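Enquirer: Following the hints, put chain B in place on chain A, whose structure we already have.
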Amino acid sequence: MKILIIEDEIELLIAIGNYLTRENYICELAETFSKASEKTAVYEYDIILLDITLPDGNGLELLKTIKKYNSKAGIIILSAKNSLDDKITGLDQGADDYITKPFQLSELNSRIRALLRRRNYAGSNSVVFNEISIDTDSKSVTINDQQITLTKKEYDILLFLIINPNRVLTKEAIAEHLWEDNIDLADTYDFIYTHLNNIRKKIKAAGGAEYIKTLYGMGYKFTDQ
Amino acid sequence: MKFLTKINRNYLFLFSLVLVILSITGYFVLKSIILDSTKESLAARSVLIKKQIEETNVIPELKPLIEVVELKEPFREKKQFNQVSYFNPAEKENEIYLEYAENIQIKNKVYQIKIREASVESEDLELSIAIPIFTLLLAAFAISYFITKRLNKTTWNIFEHNLKQIENFDFRKNTEIQLRSSNIDEFDRLNTVVHNLTDKLKRDFLSLKEFTENASHEIQSPLAIASLNLEEILQLELKEEPFKKVVAAIHAIKRLSALNQNLLLLTKIENNQFAATGFIVLNELIQRKIDEFEPLFRERNSTVTFTSQSGFEVKMNPQLAEILLNNLLSNAVNHNFKNGYVNIKADQNELTFCNTGLASVLDNETIFNRFVKGDSKSHGLGLAIVKQICDTHQLKIHYAHNELHCFTINHVM
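Protein chains in written order, with the working numbering: chain A, 1 to 225; chain B, 226 to 638.
Please note that a few of the clues may not be correct.
[Said to hold, decoys possible] If you want the footprint, here are the derived chain B segments under chain A, 3+ residues with CB under 8 Å:
(1) 277-289
(2) 454-461
(3) 516-525
Everything labelled a hint here was simulated from the structure, so no lab data went into it. Note that the structure is a prediction, hence the values are computed from the model and not measured. Yeah, the Cβ is synthetic: ideal placement off N, Cα and C, and Gly gets one too.
Pulled out of the complex, with its shape left as it was, chain A reads as follows:
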């Protein structure tokens, strides 16, 4: 899986690059408009992460070049602007998703996976973790071939956890994943807590192991270690 990351903030570029490399993606980095347009014209990528504000050009312009030479690539816009205009223009011009800074890496990963699923990338419609497997087409979860019933939010949380295994996720990151930025909620922690408990119970009832680890009451980690 080849990913091109276009981002002018070097620190951010490296952090994203390191993380995605650890997640077994092949990453290439570009910090300027010219470098990015060169790369997109020559190489093929599966996913392109595109920052709109670049020092030597507008990312939306780059979008056109990408669509021309790299039409198969899925594009996610990374933007500091929570600007609807940019979002609409970006999506209109062929971007697949739009994520506003600051974002969590786990959220970025989840968006990349969702995009791969939408693009029917081979094998991307099933997510497997030991005895748990999720079919993202039918949104069904089976444990040891036995199907369990989850509510929509429970399903969303479980998928988010499984896509980010062995990673510490704060309650906040999970809440943000569920509602994006749309909801100004002061306190959704109880909500996350209740839902995670429900998921735990349902997995246990179907004979699954205990994978959800609570960290000091503030975060969660999906792990078999």
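Expert: Chain B only, in chain A's frame:
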């Protein structure tokens, strides 16, 4: 009142005044001219009569027009005009005559000549001259009135066109204002002023827009870096204390970022940067939002009821409508307690969000101010944003508390 109507009205008023004054003075001038000429003609006739008596010695008599009497008294110079009333047996009524009486002396005899002319006749004459003059004046004024009106219309056409352009001008759109130039200095000056003003408005608007967006970018990027790095630290095997500190730091950065986004949002709404694309009926959106919030309500064992009699329609940017409802619903969730409820009502004129909550009454004046927080841990901008959206969309929001906390949105008439 339209400028032209005003001008025309004044024109008509002044013209009628002038017409009346002119007609009255005209009438009297005419009358005195006629009187003078009658007097002259009477005096001339008197000379003729005197001459006739001298030559023929016949005393002419034509009552009541000419009357000559011999006076038995010494000659005394006398020339005078009188108004006399004379009975006309034919018409059996008194008629007013202008009488010229002159004493003359012919061959030692003294005569008094009285020549009369019916003044009724001259009055008839006056009228027959006055009426055409009045009519002519009236016609002249009427014609000039219509010509002026016509000319005004064509002259003001350009002005009307430009006015319409200015009315339709939207500085959010990147279109130049198209003003037609005329040969009239004042209009052209106005055009220049309008051009300068709109240019300045557009420049200011753009620079403010750029500033807010750049500020957003400049602030969000370092926040993103800090947040990503902290997230990576969190992945290390941390003990409880450092773990909690890192989580608290991430939380603080998130809050700062949300605060920044919301302040920028407020500025953008204030600047009218969200152009309304058309009318939207909020009812459908409310239902969708309720579905979205449903898990949160269920979690708190709260119930939501939505009753709608008819559609509440607003002209608003869809994104703003969503923000409006998000904030109102978030507010209803954040300030609610377990087993509480939320009632939402919508009809043509009114949208009401009522929720159970702590009994303390909030102040209608300050509740919508920025950074006024209730008991929640929110940033205190949610309702300020709601208020700002209402203010910029001809909506009025009102808070009231009687058992329930209610927010009511009305159309401003």
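Enquirer: Work down the list of hints and note, for each, if the structure agrees.
Expert: Against the structure, the hints come out as follows:
no. : hint    : verdict
1   : 277-289 : violated (count 0)
2   : 454-461 : holds (count 5)
3   : 516-525 : holds (count 5)
In this structure, only the earlier hint numbered 1 is contradicted, and the remaining ones agree with it.
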